[in-house]
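Since each chain comes alone in its own frame, lean on the hints to assemble the complex.
What follows is the residue order along each chain.
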Amino acid sequence: MSRSKRIPLSYFPGCSMATTAKENNRSLIEFCEQIGYDLIEVPDWNCCGSSSAHSVDAELAQDLAARNLTLAPRGRPLLAACPNCMLRLRGAQRHLAEDPDAQQRCEARWGRPVDPNLKLIHFFDLLAGADMKGLNKTSPGLKGLKFVPYYGCMLARPPAMRHEPNHHGLMEKILSDLGAEPRRWGYGARCCGTFLSVVRPDVVGAMVDAIFRNAAAAGADCLVTACAMCHMNLEVRSTLQNRIPVLHFSEALALAVGEGNGKDWFSRHLVDPRPMLRSARLIG
Amino acid sequence: MNKRNQKNNRDAQPVAIIAAGNGDMGFIREVKERSGTDLSACFHCRCCAGGCPFVEAMDYSPHGIIRLAQLGMREEVLKSATIWTCVGCHTCSIACPMAIDMAAVMDALRGIAIESDAAIAEPDVLDFHREVLRSIERYGRTHKLEIMMRYKVKTRDWFTDMDVGLRMLAKRKLDLMPSKVRNTKDLKRMFRKNAEGGIP
Ligand code: SF4
Ligand code: SF4
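Chains as they are written, first to last, in the numbering used here: chain A, 735 to 1018; chain B, 112 to 311.
There may be inaccurate statements among the hints.
Said to hold, decoys possible - Calculated lysine-lysine pairs in the DSSO-like style (CA-CA distance at most 30 Å, straight line):
hint, chain 1, residue 1, chain 2, residue 2
1, B, Lys190, A, Lys756
2, B, Lys263, A, Lys756
3, B, Lys143, A, Lys756
4, A, Lys880, A, Lys739
5, B, Lys299, A, Lys853
6, B, Lys299, A, Lys756
Unchecked claim - Taking CB as the label site, the calculated pair distances span:
hint, chain 1, residue 1, chain 2, residue 2, range
7, B, Leu280, A, Pro1009, 41 to 51 Å
8, A, Gly770, B, Asp149, 45 to 55 Å
9, B, Gly161, A, Arg843, 34 to 44 Å
10, B, Asn294, A, Ile774, 16 to 26 Å
11, A, Asp1006, B, Lys190, 43 to 53 Å
Hints in this document: simulated from the structure, not taken from any laboratory.
Each residue gets a CB set at the ideal place from its N, CA and C atoms; glycine is no exception.
Only chain B is shown next, with the shape it has when bound in the complex (with noise of 0.2 Å):
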């Protein structure tokens, strides 16, 4: 485990201990509403977290995500890095015994966190997903290689991936012009749905 998970492990366990109690109660059924999940029906097994390949990189497990819920912990689930670091695979809904759709939570989470200006534990994560809608709405398809750079000037990380990159463009892996949609006045309908151009 590197540093920065040891960290948010530190961090996060007196926190559990000292909160509940004073829970948002309406919390759980919020996350129900947006994500068809009735998340009390958890009872804490743990074979999400068995199977989950990202467990490690998390600060809370993922069922420690729903037990949060349970006990209307708002703050700190939308604070958390799981729900940046899950990437929805479904593994662990295969295993869950009740049938919780753990990747529809978690997008659940993330969708309220960015309403609600939570603090985002991932920052990178979600300039990530930004930079992939952008160029959704600039072609209607992703553009890797712009993708890429547009991400590295916004993570200020220039020297990560670059021998990644240059062995992609060798092997023409990386275009440099982009596949587009033709009918732009569709895309633009998708889109347009708040003032910075629609992506949250």
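Bound conformation, chain A alone (with noise of 0.2 Å):
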């Protein structure tokens, strides 16, 4: 892609991406370069509140998402990648809208105005719109991979958001559009579980392996997710001895445009995706 064309975005990994799936961050910035985005890092970012801040006080999930709107430049798209993640800052964009006091408070606390037309964009968002059959024929593409995709909760929404764009669907679109062949099941749209994968693992690691289990089931090489939570908790809950290797979404399209050879990214699985990868002829 040319110069000229590039279109710089600002990007709010958030935790789970910036610290135990960096490989998921890493692929997501490699690939968004490869199809023509720079991906410029919100400046000293914090926690959107995860699972916790929400569950316990509302006011300080509101105060840490509405930061993070305070800190992005006006006039530049902001990027996210984690499903959860996006929720709170379109949740926190919302909650300033809809209460003028609030937005007043807000800027007042942080001393910087809020962008009201700041315009939020998953990383889901930003794919439905491109045209990957083109990518196909001047990259490697994915040839091989039966893959089952896992979304997790991220198609699920509260009430309030339920007009917004649904992407149900979108990684078989894409990664089939790559050479990949999506496979049925019912296991798609489960609950990782969140944090009760810490506090009650006896529940979580059942769920999880009954999820491997219908994966393997359903004939695919590997499970694909759309959130680097839900790959934790599949990757670490399991208590199965063979069960098939999770890759994240974002590797998944960095490898289908050659961005995966040589990458430290798979050694950072629990479930070592090489040998997959390897028979599957997608790294050497």
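Structure (structure tokens):
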């Protein structure tokens, strides 16, 4: 893509992608670069509150998300890939839009204006408009990869957000445009357990094992996840001896555009996906 | 279902039958104000319970909590395990014909439970949330290794998950040092709410 066509985006990585799921973060940045977007990290961003802030302190949850909105430079859309961070950022933006007092308090507190028109885009919104078939002609693609898509709870939204676009089926569409083969299964929208993974490993372990068993029974070589927390809970909680690997969606995309070889992403997985990727001839 | 839930279920049923009638009718209004959701719209079709991935780990089903609230059984609701087990995944919201925002209702109920010093049925859940918030208070971001260590100290459960932790360290999934927000003044401003450092 020519230099002049490149599009700069503000980028909110969030804690999971900045730490435990660095491979998710790096593959996402490299893939975006390949398709013409330059991601510029929001300066000094803070945690959006994870699953905990809204669970016990609504006001704090709002403050945490709103501070990030004040840090995003005006006029440049803000991209996030973590479904939970995006939900929190959108919720905070809606709250500020509905309540002028809250907007005023927020600006007074941080001494910075909030752009009411700041465009929040989830990684899936970005991909929904992209033409992957064109990309497929010039890039190695994903031929030979059989996968099941795992969305976790990202397709479920609170009633107030029910009119926002829902990207059901997007991973299947994009990855099959790139040559991969989606397998049908019924567990793609199961919740990963979030914090119950820590507090009730017994409950989440059994659920995660059922997810892996069903993925394998569907004939998949791997699961593809849309969320870094899902990825971690699936990998960490399964008690099965033999299970298929889990790829981040961004890793699959980066592989498809020829960015996967020789990267240290895959060595960070608890279940090493490299043997599977080698036998599908996706890495050397 | 494990032992603990069987116990919860056994305890739950008779209580639900006895106390209805002398309910606190202001309760449902309080929940509506905090959650923005009108609980009286629920007509108990049970679609929420049918799809909830954690209903078996709860003492009351999600709509059961709403029923108790409709009957004004404030205390039963606030001391239930369900309000702490719900992870807010919104799976039930997309199934609900009445657009009940269950996650918002549960958020509101936890808030009320903490403020009114109700007995917390799942103290480990609250301990975990508190450790996450403490981490955000300290660094502005979550530092997973420290959260896990402190949670272990708090719950005195050293051996569950030791293997998981070691595997995560080996795979460089747990950073030893936190990723931090530089503007610590901003952080102080957010957490400066009550004497104990702002964490409920
Ligand atoms: S799905 Fe909605 S209306 Fe039906 S029982 Fe659950 S909360 Fe009530
Ligand atoms: S939001 Fe809570 S009640 Fe609803 S499906 Fe998820 S865990 Fe169950």
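Verification of the supplied hints:
1. Among the hinted pairs, lysine 190/B with lysine 756/A is inconsistent with the structure: their alpha-carbon atoms are about 39 Å apart, more than 30 Å.
2. Under the criterion of a C-alpha separation no larger than 30 Å, the hint pairing lysine 263/B with lysine 756/A is consistent with the structure, at around 25 Å.
3. With a C-alpha separation of about 40 Å, the suggested pairing of lysine 143/B with lysine 756/A is violated against the 30 Å cut-off.
4. Among the hinted pairs, lysine 880/A with lysine 739/A is inconsistent with the structure: their alpha-carbon atoms are about 34 Å apart, more than 30 Å.
5. A distance of roughly 28 Å separates the Cα atoms of lysine 299/B and lysine 853/A; the hinted pair therefore holds under the 30 Å criterion.
6. Only pairs whose Cα atoms come within 30 Å are accepted, and lysine 299/B paired with lysine 756/A is accepted, the gap being roughly 28 Å.
7. Our hint of 41 to 51 Å for leucine 280/B and proline 1009/A is violated, since their Cβ atoms are close to 23 Å apart.
8. Between glycine 770/A and aspartate 149/B the beta carbon distance is about 46 Å. The supplied range of 45 to 55 Å therefore holds.
9. Remark: the range hint 34 to 44 Å for glycine 161/B to arginine 843/A is upheld by a beta-carbon distance near 43 Å.
10. One distance hint, 16 to 26 Å for the beta-carbon pair asparagine 294/B and isoleucine 774/A, holds here, with the actual separation near 18 Å.
11. Checked against the hint of 43 to 53 Å, the pair aspartate 1006/A and lysine 190/B passes, with Cβ atoms roughly 46 Å apart.
Violated hints for the displayed structure, listed by number in ascending order: 1, 3, 4, 7.
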